[in-house]
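Colleague: This is what each chain is made of:
2 protein chains.
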Amino acid sequence: MPQEPKNLQETFTPALVLDRTRMRRNVSKMNESLGDTMLRPHLKTSKSVDVALETTRGRKSGVTVSTLKEAEYFYQNGFSDILYAVGMIPDKVERVVPMLLAGAELTFVADDLMNVRELGNAAKSAGVVLKLMIEIDTDGHRSGLRPDDARVAEMSQLINAHPSLEFRGVMTHAGESYGLHDPKALAEIAEVERAGAVKAANSIRSAGVACPVVSGGSTPTALSASSREGLTEVRAGVFVFQDLVQSNIGICSVDDIAISVLTTVIGHQRERNWLITDAGGMALSKDRGTASQKIDYGYGLVTPIEDSKPIPGLKVTAANQEHGIISSDNTSIPWDRFPIGTRLRVLPNHACMTAAAHDHYCVVDSGSTKILSVWDRINGW
Amino acid sequence: MPQEPKNLQETFTPALVLDRTRMRRNVSKMNESLGDTMLRPHLKTSKSVDVALETTRGRKSGVTVSTLKEAEYFYQNGFSDILYAVGMIPDKVERVVPMLLAGAELTFVADDLMNVRELGNAAKSAGVVLKLMIEIDTDGHRSGLRPDDARVAEMSQLINAHPSLEFRGVMTHAGESYGLHDPKALAEIAEVERAGAVKAANSIRSAGVACPVVSGGSTPTALSASSREGLTEVRAGVFVFQDLVQSNIGICSVDDIAISVLTTVIGHQRERNWLITDAGGMALSKDRGTASQKIDYGYGLVTPIEDSKPIPGLKVTAANQEHGIISSDNTSIPWDRFPIGTRLRVLPNHACMTAAAHDHYCVVDSGSTKILSVWDRINGW
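First to last, the sequence lines map onto chains A and B. Counting from 2, one number per residue, gives the positions in the first sequence under the working numbering. Counting from 2, one number per residue, gives the positions in the second sequence under the working numbering.
Heads up, none of these hints are tricks.
A few chain B residues that face chain A, going by a derived Cβ cut-off under 7 angstroms, partial list only:
1) K287
2) I341
3) G342
Since the hints were made in silico from the structure, they are not lab data. Note that the structure is a prediction, hence the values are computed from the model and not measured. Glycine included, C-beta positions come from ideal geometry on N, C-alpha and C.
Chain A with its partners taken away, still in its complex shape:
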């Protein structure tokens, strides 16, 4: 990549573009939606300090991460109160001991009694205290104990009584919301998420254990909830960029998508009505999240370089490793409009996966190709 690209017309392709205008609008919408409820943004989407500071509006605390590498990265960049929202196990305690001994405020999640006991043993051996939340499964989507499971209260007592563990509360994630697209159904699952988390918290309180944190959230439920009573915070991540999956769910429009992959036309296959580009599966990811939704966007919608409004009829219909194939829905592609060398952008199905294919963001404002900043991001574990 050239050292200091100044414009999307010059930077090497494929590259990841971040529309700052749209991102800021997305952050505003989420904050308006949440009102007084604390947003603990999930930084797994951006994995970038610069994006994180936009997401939190400058606050360096109260965030969620999906890997311990993210925890280290944000901690090293001055963030406190970091929730690692993937089940913690004793084997991984060694990794976080240096951070904890240095004073990092990290919180972990667990959902298994024996595992919690072993986490206690590991923390004791390492001379640290692990802050723990109990993961609650409100919708049968993935991990967690059901809200009415008697082990919820038992686990809170076990954690509360252990000198090397500190009980923080409950957390849940209604991931099934990703499979919906009806506002009523979304409001319902948001309520299932809220009510389940609150129910679990109350069973803990009834067992005599304080439960200061009641954490729920996903982008669809955060933007669809009619009540947040009893929740102390909401976790959401992808809202900062939005994507085609979220637009199919109905909680944003295609014109809210703040992230895209800059690509160059490298070939014409006229007999087949294909534009060949340099953004394939490596640059776009192989995520086909819209395949099972109301509109299948292939591997993404195509926009001109200077703005992010889709060009009618065009989508990426195949993604080989470093070749993308753009097809036209019905009419013949106007070849003269897209000569070899033409730069286009592709709006992604799933922002988290597409962004992870890249190591930096080219930041622009809506309607402009001028690169304002290049922001780094991390990947891996």
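Starting from the known structure of chain A, arrange chain B on it as the hints suggest.
Modeller: Then chain B, alone, in the frame of chain A:
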């Protein structure tokens, strides 16, 4: 990651494991299959100097790459005669000028007359000579001119006559072979690939232009061809690792797959008969290449840590960002056999995409968990 992990039992998960025994067997099989025909391995699969040297058996020349970053990386590591097998465009000439001026032997591909003229102009302006091959489309899969297209000969004459271009030959890739699984159909498409490349080369020779290189190949066609007459080299990439897609095609067995993702069980969801692991879509990729094949392997087959033979009935059926869900085909998962903390390995659908999720390989021998080496790899552009 701990600085010097010594064993798959200790290294941080998820991590990418390379079974050196299987890799070497795969390289031997390919070399035996090719006989005297030169193998120009596609290094897009491994993107690693260490793996490349295993693939070429120590030869630092005659390789294929999919990005200019790979070209730079292998050139900087002493490789010569590098074919960049994705359509070259004038915009990208600036990127390769430093390498060419330093003496790198790079070859590029093109399939459009106007683009070739503009590549000639760009090369002239930059004071370099671009070696070019014409890409031939033998199976309607992606890029290239059809073997009988009159522009093939015309393009070779144009390149040959241009002082800043050097004509090297023709190349083709029968990517449609990935959609087959019958040995007879595979042998037929290998012959279509061979015959098409040779036909194009002969049309060039009839037009009075020397055509020294006739390059064909994909892993399936390389291992299925009954004749290589007229081909001067074969390009294949994924054979070095193999994967579940290739085993479905029938050109390897599941027991040939040399790459896997090391993962740890982080949860039990007994009501749903799920093991939750720490290898999700980020570690496995979202490639679902087997979804349309004869056996759908979900997001991968599960093996014990100490060997790579699948555990009957288990596969990864869902891949969230950092959570994998392993389900059992029919019987209840034996929970005592897989307590939280159990390490497993996942054989991938598509080795190129899964490997790209990682930045290093933990190299082991078959049947051993001892890490012999940690080999770096590159990603990005």
